[in-house]
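Visitor: Sequence:
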Amino acid sequence: AIHNQMLLQQIDEQGRELEALNRIGSVVTSSIFDLDEVLDQVGALIDQMIAVEAGAIYLRERDGLTVKKSFGTRGSRLEPFKVKSIEGICSYVMSRGESVLVRDASQNPHLSSLDRSFSGTKARSILCVPMVAGDEVVGAIHMWNKERGSFTAHDNKVMKAVAASLATTVASSRLQQLCERLTDMEVQDQETSPDVS
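In the working numbering, the protein residues as written are 50 to 246.
It cannot be assumed that every hint is accurate.
[Stated by the list, open to error] Label pairs and their computed distance ranges (CB to CB):
#1 D153 x L231: 46 to 54 Å
#2 R197 x R165: 17 to 25 Å
#3 E62 x G113: 31 to 39 Å
#4 E68 x L227: 33 to 41 Å
Just so you know, the hints here were simulated from the structure itself, not pulled from any lab data. All values reported here derive from a predicted model rather than from experimental measurement. Idealized CB from N, CA, C, for every residue including glycine.
Full structure from sequences and hints, please.
Guide: Take a look at the structure:
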């Protein structure tokens, strides 16, 4: 009876996970023109799928790294902010394009101050996955303290899929913005050029 109950609970969790992944897929393919809206929705869906105390979606921008979206029971109150210097796990993940899973943060001497505490959350376990579009790391999804237990290899696999979809959306959104800027510049050039007829 206990074994059956555990199996039913596992099936229920997998069903919720698949539903959240499906919704994330829908969000990232339908709303690429409003990246902030996509990040808001994806952050909320990640939090539904893998409940965490704190999580952040970092994006690499021309002038550095920005936490564009935070989520989780403690992280959701944060407004976007620039990261002064990238260090620790996120630095490693973004420079190597490899995810990092730390099951017991108290045993890891390589954590930065941001890794150890984010939004008042003292790290017990950490999962950070890169967002890779083509061969460029455009950002990372960094999570602290899974609410039920530690992060698992399965969580890592699921978040890699989410990060890949989100990275494609970020790259598409940036390409769209570039096209709009170039179109605006061309229109301005045509308006300011002397008529040579």
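Visitor: Give me the numbers of the hints this structure contradicts, sorted from smallest to largest.
Guide: Violated hints: none; all satisfied.
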